[in-house]
Amino acid sequence: MRLVLSLLALVAMTGVASAQQQQPPAQPQQKPPAKPAPAAKPAAAAPAAKPGPKSPFTPPTFKITIATEGAFPPFNYLDRKGLPAGFEVELAQEACQRIKAECEFVALKWDELIPGLLDKKFDIIMSSMEVTRERRQRMGLSRRYYLSPGAFIAPKGAPYDGPPSLLRNKRIGIVRDSMHADWADKSFRRSAQLKRYASIQEALAGLANDEVDAVFGDKAQLWLWSRKPEGKCCELVGQDIKDTQTLGVGVAAGLRKEDAKLREALNKAFGEMMADGTYKKINEKYFPFALN
151 MRLVLSLLAL
161 VAMTGVASAQ
171 QQQPPAQPQQ
181 KPPAKPAPAA
191 KPAAAAPAAK
201 PGPKSPFTPP
211 TFKITIATEG
221 AFPPFNYLDR
231 KGLPAGFEVE
241 LAQEACQRIK
251 AECEFVALKW
261 DELIPGLLDK
271 KFDIIMSSME
281 VTRERRQRMG
291 LSRRYYLSPG
301 AFIAPKGAPY
311 DGPPSLLRNK
321 RIGIVRDSMH
331 ADWADKSFRR
341 SAQLKRYASI
351 QEALAGLAND
361 EVDAVFGDKA
371 QLWLWSRKPE
381 GKCCELVGQD
391 IKDTQTLGVG
401 VAAGLRKEDA
411 KLREALNKAF
421 GEMMADGTYK
431 KINEKYFPFA
441 LN
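So the sequence shown is numbered by the numbering used here: it starts at 151 and just counts up by one.
FYI, nobody ran anything at the bench for these hints, they're computed from the structure.
These numbers were taken from a predicted model, which means no experiment stands behind them.
Do not take every clue at face value.
[Stated by the list, open to error] Calculated lysine to aspartate or glutamate pairs in the EDC-like style (CA-CA distance at most 16 Å, straight line):
1) 392 - 332
2) 271 - 261
3) 392 - 280
4) 369 - 385
[As the list claims (entries may be wrong)] Quick list of simulated restraints, FRET-style, between CB atoms:
5) 434 - 256: 25 to 33 Å
6) 349 - 261: 42 to 50 Å
7) 394 - 418: 17 to 25 Å
8) 348 - 243: 34 to 42 Å
9) 288 - 223: 22 to 30 Å
10) 408 - 318: 47 to 55 Å
11) 348 - 430: 35 to 43 Å
Just so you know, even glycine gets a beta-carbon here, dropped at the ideal spot from N, CA and C.
Let the hints inform the model, and build the full structure from the sequences given.
Okay, here's the thing in structure tokens:
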């Protein structure tokens, strides 16, 4: 009997142990998930820098080279740094800005200008080049950008400050075989004593030495001489003389004939400069009289 009770007790204890082993272990208590930290506010963007002042000229769109002699002041000459300067160079620089071109300037001997242009060593000549029929045949020419009229120079106080008729029967110096000699021959015929010289320098020296009563020539050249010590004796007198048949139509830029668009752009720039007062401003910097 005791043996049976012992067996029953052992069976009961074994069932309890088995039940405890089958029961899943208690899960540890989990903490509630932490709340996400609030997102940081984005940093304020730095204010954009203000653009600088806008240039009045647009960037250049093409490059060209302009040639001049650099030996005819103040129209063209070389400055202290050896760079081309003068009235014509300033006109060219202004035109380059207007046609949106980057321009380089070179100085060459006079006899090298037209051949160099035709050989495409540069693109434009601006060197006090008079318009002639022969030059029109060889190259394209721009519109006139300056005209220095014919004029008389005489000793200060001379009674010739009026029409050319005041110089009838007077001694007038002219340069032999020049267009100014052509005008004097046509205008005075035999009513004045025309004394011919090999150069304008010789004619002006003759005026200073009382060989002649007046000299007829290019107004700009005569005025420039009157500002030199040897020319202090004399002054411009009378009226400007303009005659296209004998004295020509003026000075133009030289280009190759095939560069028609460049010539049109240059002509437009010259026209705008004359219309808006820019040309006059540059003119007055060098001369006390108009050249257009």
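Q. Of the hints stated earlier, which fail here?
A. Number 6 - this is the single hint that the structure violates.
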